[in-house]
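Chains as they are written, first to last, in full-length UniProt numbering: chain R, 1 to 417; chain U, 1 to 245.
Calculated from the structure, these hints are not laboratory results.
There may be inaccurate statements among the hints.
Cut-off 20 Å, straight-line C-alpha distance, at most; resulting in silico cross-link-like pairs (SDA-like, lysine to any residue) [what the hints assert, rightly or not]:
#: 1; chain 1: U; residue 1: K214; chain 2: R; residue 2: T8
#: 2; chain 1: U; residue 1: K242; chain 2: R; residue 2: R154
#: 3; chain 1: U; residue 1: K222; chain 2: R; residue 2: L273
#: 4; chain 1: U; residue 1: K214; chain 2: R; residue 2: A69
#: 5; chain 1: U; residue 1: K110; chain 2: R; residue 2: V367
#: 6; chain 1: R; residue 1: K209; chain 2: R; residue 2: L273
#: 7; chain 1: U; residue 1: K222; chain 2: R; residue 2: D49
#: 8; chain 1: U; residue 1: K222; chain 2: R; residue 2: P257
#: 9; chain 1: R; residue 1: K362; chain 2: U; residue 2: P219
#: 10; chain 1: U; residue 1: K197; chain 2: U; residue 2: Q207
Some, not all, of what chain U presents toward chain R, calculated at C-beta under 7 Å [unchecked claim]:
#: 11; residue: L60
#: 12; residue: G102
#: 13; residue: K127
#: 14; residue: F132
#: 15; residue: S139
#: 16; residue: L141
#: 17; residue: M144
#: 18; residue: S159
#: 19; residue: R161
#: 20; residue: I218
#: 21; residue: R221
#: 22; residue: K222
#: 23; residue: N223
#: 24; residue: L226
#: 25; residue: Q227
#: 26; residue: A233
Cβ atoms here follow ideal geometry from the backbone N, Cα and C, with glycine treated the same way.
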Amino acid sequence: MELQEKITILSGAARYDASCASSGSSREGSACGVGNTSQGGICHSWSDDGRCISLLKILLSNDCRYDCAYCVNRSSNPVPRASFTAREVVDLTMEFYRRNYIEGLFLSSAVNVSPDHTMEEMVRVAEILRNEERFGGYIHLKIIPGSSDELVRRAGLAADRISVNIELPSHESLQRLAPQKKKEAILAPMKLIGTEAGVSLVERRKSRKAPRFAPAGQSTQMIIGASPETDLQILQLSQGLYRKMNLKRVYYSAFVPVNEDNRLPVLSAPPLLREHRLYQADWLLRFYGFSPEEILSDDAPNLDESFDPKTAWALRHPEFFPVEINRADYATLLRVPGIGVVSAKRIIAARRFAPVTHEGMKKIGVVMKRAKYFITCSGRPFDKIDQQPARLRQRLLLGDGSEQKQPRQLVLPGLFA
Amino acid sequence: MNKYLYDGTPEGLVSAIGAILESGDDPEKTVLGIRQDTLFEEGLFLRTDSAFAEALFGRLRQRAPDAVQTLWYFTMAETSELETSLLRYIALAFEHGDRVNGYLTHPDVKAVVAIARKAGRELHRMKGLLRFEQLRDGSWLARMEPDHNVIQPLARHFSRRLRAQEWFIYDARRHSAAHWNGHALSFGNLEQFSRPKLSPEERVVQQHWQTFFKTIAIPERKNPRLQQSNMPAKYWKYLTEKQGE
Ligand code: SF4
Chain R
1 MELQEKITIL
11 SGAARYDASC
21 ASSGSSREGS
31 ACGVGNTSQG
41 GICHSWSDDG
51 RCISLLKILL
61 SNDCRYDCAY
71 CVNRSSNPVP
81 RASFTAREVV
91 DLTMEFYRRN
101 YIEGLFLSSA
111 VNVSPDHTME
121 EMVRVAEILR
131 NEERFGGYIH
141 LKIIPGSSDE
151 LVRRAGLAAD
161 RISVNIELPS
171 HESLQRLAPQ
181 KKKEAILAPM
191 KLIGTEAGVS
201 LVERRKSRKA
211 PRFAPAGQST
221 QMIIGASPET
231 DLQILQLSQG
241 LYRKMNLKRV
251 YYSAFVPVNE
261 DNRLPVLSAP
271 PLLREHRLYQ
281 ADWLLRFYGF
291 SPEEILSDDA
301 PNLDESFDPK
311 TAWALRHPEF
321 FPVEINRADY
331 ATLLRVPGIG
341 VVSAKRIIAA
351 RRFAPVTHEG
361 MKKIGVVMKR
371 AKYFITCSGR
381 PFDKIDQQPA
391 RLRQRLLLGD
401 GSEQKQPRQL
411 VLPGLFA
Chain U
1 MNKYLYDGTP
11 EGLVSAIGAI
21 LESGDDPEKT
31 VLGIRQDTLF
41 EEGLFLRTDS
51 AFAEALFGRL
61 RQRAPDAVQT
71 LWYFTMAETS
81 ELETSLLRYI
91 ALAFEHGDRV
101 NGYLTHPDVK
111 AVVAIARKAG
121 RELHRMKGLL
131 RFEQLRDGSW
141 LARMEPDHNV
151 IQPLARHFSR
161 RLRAQEWFIY
171 DARRHSAAHW
181 NGHALSFGNL
191 EQFSRPKLSP
201 EERVVQQHWQ
211 TFFKTIAIPE
221 RKNPRLQQSN
231 MPAKYWKYLT
241 EKQGE
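For reference, chain R alone in the conformation it holds in the complex (with noise of 0.2 Å):
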């Protein structure tokens, strides 16, 4: 098969999944080498769906033995299948550098054959393009479910991240839906990469030349809305990782249905504006201090659709408001819908010079249009605090168009192992 229809293949396959970060992770070049990978992250490219190109993102295979219920490549679907050797991935991915198009590879697949022997397939790309190509730039390799201890510790080793799919949000739906993977298979390596990427943190506080292991971290996948679980439980299960594995990131991706299957639901179309908004919810989570039960309750346990998590807050909560811009600490700042990380720290830096005014606050880039209901700036309201609920919905509603438009992050279904 010629390589240009491997690539359409293989690259096609790939597309469904959510994750494209190359963020997190400083490398220096060496002298003879080629690549180094950036704090920030780099996007190259940005695809005709809108979104950002920074890794060559392929399969290695989709040639699987499975057959998970949600997945285009499962076992029972006509699709063509195509693999690719370790070499050509190889290639692919030197040539794409050394031109700029990327800042290196994801790399994931499908089971062709054991667990083991794809992940041993996935581990030989990435330590050639270490060990005999030098390169220096990013890799993200996918944890094949039911690896070996060895074979994850030797992808935590080669590559930046590395990350296990979680797939489905509880036990019962795994079993339903993905019958083949088991829930230990999944959380084991969990366990395994967030155990050796501590020892490797600390290993390297006391020596630099101590070996890296995964220094971008690891992240996972879930599906949305193709079983039953609440928002509440989601939230709470993503809680979980960030806390006991060690996670750096969760992505949602709502479901879209590929195969005719009764164990699937029947979507009209895929839950894009509830993933959007559990997206939203994780951030809370992870840069706001809000916990699960904060955003949600078991009387309430799914999400606002109208209104982003911060602002369904604050409209629960009345008593917390107004806030006074020019008195309230970083952490009450970061409540106020309309205020986010980098406004409320140029808030606590622009105060030092003067007290910030209404006009000032746009020029920070505060969203006035949410956060004038919510705050006083030196004492003095935007215009008149409405403190009943129901009203201030109403006109939030109203005044806001953009939360009634289509989700801007765009959503994707994940497919694969």
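Following the hints, put chain U with the ligand in place on chain R, whose structure we already have.
Showing chain U with the ligand alone in chain R's frame:
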């Protein structure tokens, strides 16, 4: 208001700013502009003094390194008409050090920082969007036409990233070029530019990249507006993946 004029060169600008700061005038009550050589033009002309300008930069670097960085991006923008804002920005940087960059509620600081950010953003963007092509002699060439004059920091970025290959970056708008020979960087201007022949394999790799670019997009989610807002069409001329569209 005190009014001053300078000759319109970057050095003239910096030395004029230095002279005003030394004069003790209140920068908030001072304006600075380029001399137009019309009759009855108001304002005192300040002569250019490069050594003086350099000394001012040196002192500012000590006092506020981040502000010098901002200033550096600001000059990449090659803008005119913001002299007065720059004067006030630098005065504030001497007074407050790097905290000046947080003073976004001040209109002049905001103006300077906003322009610097724009130039900084384009520099970052070009780090991703620049495309190298392999030439027949094995060296590499990248062409671009950025809005801002970003070639120097851009070349430094690639001297760390692609240090094992010999390359050129050509700015077709300014007719300037950077060259990395595997060990050192040099910069120059080109009177004439003719595009050299590509290596025989170059087309094949470009096709692989075009195929990848096409198939990685999710067809049900075509979103040309989002694509264009992230990757404006003005950059497409030199983008391999956008050729033949
Ligand atoms: S999700 Fe992974 S293991 Fe399951 S069928 Fe798809 S490729 Fe195979």
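Now the hints, each set against the structure:
| no. | hint | result |
| --- | --- | --- |
| 1 | K214(U) - T8(R) | 9 Å, holds |
| 2 | K242(U) - R154(R) | 38 Å, violated |
| 3 | K222(U) - L273(R) | 17 Å, holds |
| 4 | K214(U) - A69(R) | 27 Å, violated |
| 5 | K110(U) - V367(R) | 17 Å, holds |
| 6 | K209(R) - L273(R) | 46 Å, violated |
| 7 | K222(U) - D49(R) | 4 Å, holds |
| 8 | K222(U) - P257(R) | 18 Å, holds |
| 9 | K362(R) - P219(U) | 38 Å, violated |
| 10 | K197(U) - Q207(U) | 17 Å, holds |
| 11 | L60 | 19 Å, violated |
| 12 | G102 | 2 Å, holds |
| 13 | K127 | 5 Å, holds |
| 14 | F132 | 5 Å, holds |
| 15 | S139 | 12 Å, violated |
| 16 | L141 | 11 Å, violated |
| 17 | M144 | 11 Å, violated |
| 18 | S159 | 10 Å, violated |
| 19 | R161 | 5 Å, holds |
| 20 | I218 | 5 Å, holds |
| 21 | R221 | 4 Å, holds |
| 22 | K222 | 5 Å, holds |
| 23 | N223 | 4 Å, holds |
| 24 | L226 | 3 Å, holds |
| 25 | Q227 | 5 Å, holds |
| 26 | A233 | 12 Å, violated |
In summary, the numbered hints that this structure violates are 2, 4, 6, 9, 11, 15, 16, 17, 18 and 26.
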